[in-house]
Structures are given as structure tokens and as C-alpha cells.
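K.L.:
Spelled out, the chains give:
There are 2 protein chains.
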Amino acid sequence: MTSPIYLTNETRQSNIQPDLLIDHALVISKDKIVDVIPQSSIHNLYPKTESNVEITNLGQSLLMPGFVNAHCHAAMTLLRGVNDNLSLQDWLDQVIYPLEQKFVSDEFVYQGTQHAIAEMLRSGTTCFQDMYFMPDQASKAVHEAGIRANIGLMVVENKTSWADDAEDCISKGLKVRDDFKQLDLIDFSFAPHAIYSVSEQTLEKLVMLSNELAINLQIHLHECPTEINDSLQKHKQRPFELATKLALLSPQFNTAHMTQLIDNEIEEIAQSGTHVIHCPQSNLKLASGVCPVVKLLDAGVNVAIGTDGAASNNDLDMLSEIQSAVWLSSRAIHDKFEGEVNILEETHLNNQPSLTAYQGLYAGTMGGAKALGISDKVGSLEIGKQADFISIDLSSIEAQPVYDPISQVVYSTSRDQVTHVWVAGKCLLDNRQLTTLNESLIIKNTRQWQKKISSYLKSL
Amino acid sequence: MTSPIYLTNETRQSNIQPDLLIDHALVISKDKIVDVIPQSSIHNLYPKTESNVEITNLGQSLLMPGFVNAHCHAAMTLLRGVNDNLSLQDWLDQVIYPLEQKFVSDEFVYQGTQHAIAEMLRSGTTCFQDMYFMPDQASKAVHEAGIRANIGLMVVENKTSWADDAEDCISKGLKVRDDFKQLDLIDFSFAPHAIYSVSEQTLEKLVMLSNELAINLQIHLHECPTEINDSLQKHKQRPFELATKLALLSPQFNTAHMTQLIDNEIEEIAQSGTHVIHCPQSNLKLASGVCPVVKLLDAGVNVAIGTDGAASNNDLDMLSEIQSAVWLSSRAIHDKFEGEVNILEETHLNNQPSLTAYQGLYAGTMGGAKALGISDKVGSLEIGKQADFISIDLSSIEAQPVYDPISQVVYSTSRDQVTHVWVAGKCLLDNRQLTTLNESLIIKNTRQWQKKISSYLKSL
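If you read the protein sequences in the order shown, they are chains A and B.
Residues in the first sequence are numbered from 1 upward in steps of one, following the numbering used here.
Residues in the second sequence are numbered from 1 upward in steps of one, following the numbering used here.
Just chain A, with the same shape it has in the complex (with noise of 0.2 Å):
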């Protein structure tokens, strides 16, 4: 592969500089990385002669990383725009729950996935961690298609159409990951659904288990004003406060949303080496909040990047997500300017906005990857990982004149310059068609859902 690439390298701080190497090569063998090289010494190193030799040459490209995106609910995406207009906990109680009861199956999380991971390859996701029901269904769309995933076995302790209570979540999840644990690119968490939604007892289990198997365990948590206010009301503490009592804190728990936090949490978050994952759109969609992302960094804190479900995003596009947690970091939203511009300290209007382009890239990539657990394989391009990368063109009118290209990415590009997408040295996106997946079939299907909800919905 030639082109300009983006190197992650795992062992620097966020805040530095990336390698950025100029007309360099990337060297693949079977699922790995196995070589970074200039370009003018392609033809020596790796001579065409040779029958197991092939050189792609992708133009005025950015070889970089594929994007990890470590919140997802990858079939909610059946439910795309079914409503764009309330806050989380009557966009819950009002639309979403009522119509999971209705129409969630094998069927609609199989074809729901399916389509998500369509969307992802086509947007330069390589890995992406999901939390919702039938996570056999899920598993079995990320294999057929080939893309790395974290399969968040979800716990609740309502029946649903996945399993009778919290007990039963369980024990079908774990058979779920015995019957899936062999593949190399499906690895699996725990995913209680929240800190209200789930027993003491069950979260006790959970984090046992968890060490036990040595496996993450993701959870909303901090998502809005609400959960806090509830939890104050019913428990005389924050959700928090009853996660750090039970032991959740720890390397391998992973918290989607965060966006209110107060000072001694985000102590505690860096000090346990908990991950946070920041879901910008979502939050702002729903009105939930903004996560303090620049403060969590500032503290030490891997911080992540995920869509949430298309559900309210409303797609799973990494690029745009990337965009949105940087200007949602700029001290034009943060510093109190209104009305106070008299008093207001010049200095803190230097380096904005206070996340970089590079900052918000890491977070999209090697930030998910330490989430998930898995930095020592994915997130970066080195030699001896995983052969995870996408190839994203720089040629066109959008994406010219090309001073920075880190710049560029974050800044001015648009999912559809996303051209090719490997996955463990498999290219699943050539030249923008996907290669593993039907996409008019999967359109096919989405549409047959999409006129059963419409119905549905109507005759409300």
C-alpha cells in the first residue's frame, strides 16, 4: 500500500504531535502490519517479480488507522430519524421502549446490524463495540461480514424479547461468548444497560464475572441531569457514588456519556483508569449534556468516541463525531462570555478550540481501541498489529489545498472519501463498495422494516 500515513504511536501522550510519514508504504502480510517503508523502496524490498507480492497504489490517499467506535447499539439503526424531537427519558419511555417491545427480534437485530456495520465500513470504522439484545444475532452479522467488534452482552433486569430478567441475560450472554469466544475478531463485555436499570446484586455479579473472565464491562452512566436528579431522590447519591461502592472503577470499565461529572469524579476516573467514551451528537440530540472531555484528558483519562445508536445520532459516521467533539470543546461553548465580555481573561482564548485536530482523531482510534481493551492489536499503524486501516482520499476539490492532512480529516472530510477499509489485512471496502456485504439486499430488508414501523407508529 502507498500513500502519505497516519502512525499512531501507543506509547505518546494525546497531546503531542502525530507521525505523519510522506510517501510511505505499508507493508501487509495476512492479518498484520509487517512493515512501514518509503515508497522509493518499494521495488527493492518487495520486487514485483516475486508471485506473492501485490502493490496497491492508492493516489493522493491518508493511510490511517480504521476508527473504533466504542458506543453503539448497532440495530437501532432500524430506527433511524423515527424521532428527533425529545429528550432521553421521554424519547425512551415515549418511542424507543415501546417500540423495541414491538418489533425487536433475531430477525430485526440480525438485519439491523448488518446494515449498521454497512454504514461503518463505508464511513472507515474497523471495530466497533455494541450493547443491545440478541448478541448472538449481532455476532453472527459482524462475522459474515468480517469487521472486528465488542460484543457488550446486555444485562436489564425487565424481561424482553432476549431473555425473562437479568439472571437470564446472563446466562444466555455467556453462552453466547462460548459459542462465539474462537473468533478473532468478536471479543465481548458486559454491558449492564444502567446503574437504575440494574440490581446491586446483579452489577456485584457482573463485576465479579467480569474479573473472573477477564472481560470489560461497559454501562451508561452520567448520561443526563435526570439519572442524577432520580438517583439523588431515591438513593441520597449519585449513580457514581454507588458505582465506585460497588467496585465497578477499574481498567476494564468502560462509561458511555459522562457528561455530568464534578471534579472529585473525574479524580477518581483517572486514578482507577476507568475509560470514558464522549458520544457528542447523541448527547446534544437528547439534550443530555456535554461531556468534560478536556478536563478528563488534562486528568490523565482515555477518553473514546462512539455514535451512540443511529437512533439518536442520527448515523454512525466516526468522522463526523470526531468533528463534533472538537468544536464541542471549544472555549466558545465552555468559557462564560455573555454579558461578562468586560472582565472576561484574554488569555483564555489562545489554542482553540481546546481539543486539536489530532487530540480528536486519537480519541476515534487508539482512545477506543485502550477502551476496548484491545491497543496492543488495533488503533494504530505499527508493525506487529493487526493490519486495521483505511485509505482516505485527499484528491478532491473538498479536500484541497492539503497543508495538514491531519487537519484535513478532522476538519474538511466528508465519509465518502473514505475509499478502502481493511480489516485484519482483509479489505472489506474496495474503492467504495463493500466486499463481504449485500448492500441491496440489506436496503431491501430496511425498507420492509421501515414500512412495518411506519404502520405501526400510524396507527398510534
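To be clear, the hints were calculated from the coordinates, so they are not data collected in a lab.
Some hints could be false.
When chains are identical, the list treats them as one kind, so a pair holds in a single copy or across two.
Claimed, not checked - Only pairs whose alpha carbons sit at most 20 Å apart, straight line, appear in this in silico DMTMM-like list of lysine to aspartate or glutamate:
1) K175 with D106
2) K32 with E54
3) K30 with D230
4) K245 with E200
5) K452 with D404
6) K295 with E204
Since this is a predicted model, take the numbers as computed values, not measurements.
Given chain A, work out where chain B should sit, using these hints.
P.N.:
Coordinates of chain B only, in the frame set by chain A:
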């Protein structure tokens, strides 16, 4: 043209539902929309046998008014991404002004504007306001491309490569207007750069000329806190107060940015019919602040959307700009949650984000048309109006399922889904191909500028 169609009836309030017609066709004759009919009646009303009838079937697409980019510095596209990490005043003083002094020429403006127009057409913009030097070169590029534009006649006091002083800016600008004013697609406005860079005398003269000639006046106003602070220190008044004293406020007055506004200013804006142009991405990137769009709309102010120049954005993509405007209106940002969660008023958390998808789309089409004084001609699809419209493909993986086409356009669509663009009945983008511009020549020219500018930056 046959497709679902999004119309905007300009007499409607911007906070109500759009006219969305399914399975309709738009009938165009020469430069105008002459009918909007159900697809089922096409063949009766316009039989194929008549030689002058041409039917274009756009499949599963949405037809909507083209975007009106109400604030842009087109030629600055050549500086896309030269520097991303400074706040407004440092960015201007340390990066932009020196580069402009060194490089701005007839060729720079002509070729940069061509590049910008290509990018805007490829993302669905059919009309833009421009504020830059060498308006003759911008006008030439606009005329050749066939896009619609309002060319701002830039006025500054200091000597530039365009003019010796403000007086010279005005006389040269008026000559450009004389040379091009007979063209249907080009309007002109006065574009004094800012209150701080143009004298009171000059502003008074421009108000007089603007009234006499019945042309608009666009200015950067209250862009960032520094602008207010400096004015308070030097003149003991906010720039807005001076604008009011000089009688700038009127329905012909366009104010770009306006991130720093207090309540009585919002009232005066509303009462005077002054338009506000919201440039969310540039304001975030330069840490300028956030325009209080919801307050402005509530007060009855017309709000338009602009990308600003690509040097501070870093693209000219109105779809992404509208999406940012909607995200940025979220109460997640404007309500202060942190640390105060237990005294939150829950009533604040409904109906999020505060700006609906439709309001965002309206601001990006009719809002811009109103600001530029051409809402009788463009901004909506109505019989008798100019045929300035675009087709957005909703058949792809990224667009499906479609429960609400307006939501889809704002929350899930990227610029590559814009397949066709018409301006005054002429197709300027035909299935992603520009019909009036030479894309490869534009890219070639831009790369030459990049080389020159990069060398210069390295030599510093």
C-alpha cells in the same frame, strides 16, 4: 423533475412544519418553476410526444431549494487549513493578514473563488454572499460558473492589493457593480469589514449609498469578546451601539457572527429588521462564541447561515453547517447543568434540540434568501420563483430508513448525496459532475498556490 419535494412557503413562520409533498414533480421552464404537480399527472399534463418536454426521473431523491450561504470569503479556500489552533485576533494578525498581503492578487481571487464555487455546487449551495478583495475577479468567476451570488464590495481603511483606502474601495467597487450589474445572477452589497477597521465617516457614507442604490450592507459584527472589549476601552461603547448611532440597522443590513449579544440588542435587531448570519463552525474554531440563535428567532429576527471562509471552517459545506447550527442550539449547551443538577428545572429538558431540523433547513435556505434581499426570487420551491434547487439521494445505506425526510437531510446526509444542482433552471451539477467548471484545472491551480504558500510559510 420527479421526486418527493420539500417546498418552503415563505409566508409561513419558520417554526412550523414544512410543506413536504411525496411523489410530486417540479415543472421548469427556462429559468423558472412553472408548476408543482403529482407525478401521476405528468403524462397527461406534459405528454412526452411534445418535443419541448424533457422528463428527468431522480428516483428516491428529495428535491429542495438550494442552500444560500449567507457569509463567505470564497477565495480564502486557498488557505484551507493553514492554521487551526489560534483564536480569531491572533489568527488574523499572525496568519491571515500576512498571507493576504503576500499572496492576494487578481489570479488568487479568481482561482480561489472558482475552487470555492466548485465546492459549494458539489454540496448543494446555489447562492452565496462573498466578502473579499478583487470583487471583479469574484464576479467573473461567478458569472462563468453560472452560480448565483451577492458580491460584497469590501471596504477597509488600510491599503491593500485591491485599493489604497476606503474611498478607493468604494469607487473601485462601484465600478465593478457598473460592469456586472446587468447580469441576472449577480447582486452587489457593500461589505465594510468591521466597525473596528472602518471609520465612522466611511460607514456614514456607505449607509447613504446603500439607501440611494437600494443595495445591502454586510459587516462582521460582535464576532468575539475581544471586539467588544477593545471597543469598550477605546470608545466606551459596544460596537453595536455605534452601528445603531450610525443608522446601520435596517432590513438591508446583514450582520455576520453576532456571538456577543445582550437582550436589548436582540430587541433592536428585531425591531429594525436587521438580519443575523450565524456561522457556527467558524465561531467554534476561532473560539469566538456562540450566536444566540434561539433567542433571536424567538424575538422574530431572521437568521441565515454562513460557512465563513474555508480558512476558518475548514469547508464550505452548508449541510454540515446547518447540522452544527442545530447541535449548537441544544439545551445541553445552553442550560447550565454542571454541579447544579438537583435544582434543575425539568421543564427545560423537553423538545430538544432547541432548533428543529426544519428551522435549521429554513435558515439555510429562506433565511439566507431573506438576508440577501432575494426571497421573492429564491429560497423556496414556489411557482414563479427561480429554479434554484437541488436533488439529494436518499436511497443509500447512509440514508435508509427514511421516516422523516427533513430529519434525514439535517441529521444524516453528507454532501456527496447531493447529486444534482440547478441554478436559474440550468443544471450545474449533473450526477456529481460539474457542467460549467473544469474540476481538474481548478485542482491543478490550487496545488500551485499550495506549493507557493507552503514554501513561504516554511521560509518564515
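K.L.:
Against each hint, give a clear statement of whether it holds in the structure.
P.N.:
Now for the hints, and whether the structure bears them out:
1. Taking the shortest alpha-carbon separations for K175 and D106, only the intra-copy value of 16 Å comes in at or below 20 Å, while the best inter-copy value is 70 Å.
2. In this assembly of identical chains, K32 and E54 lie within 20 Å of each other by CA distance solely inside one copy; the values are 15 Å within and 55 Å between copies.
3. For the homomeric pair K30 and D230, neither the shortest alpha-carbon distance inside one copy (52 Å) nor that between copies (62 Å) is at most 20 Å.
4. In this assembly of identical chains, K245 and E200 lie within 20 Å of each other by CA distance solely inside one copy; the values are 10 Å within and 65 Å between copies.
5. Only between protomers do K452 and D404 lie at most 20 Å apart by alpha-carbon distance; the minimum there is 15 Å, versus 47 Å within a single protomer.
6. Neither within a single protomer nor between protomers do K295 and E204 lie at most 20 Å apart by alpha-carbon distance, with minima of 29 Å and 47 Å respectively.
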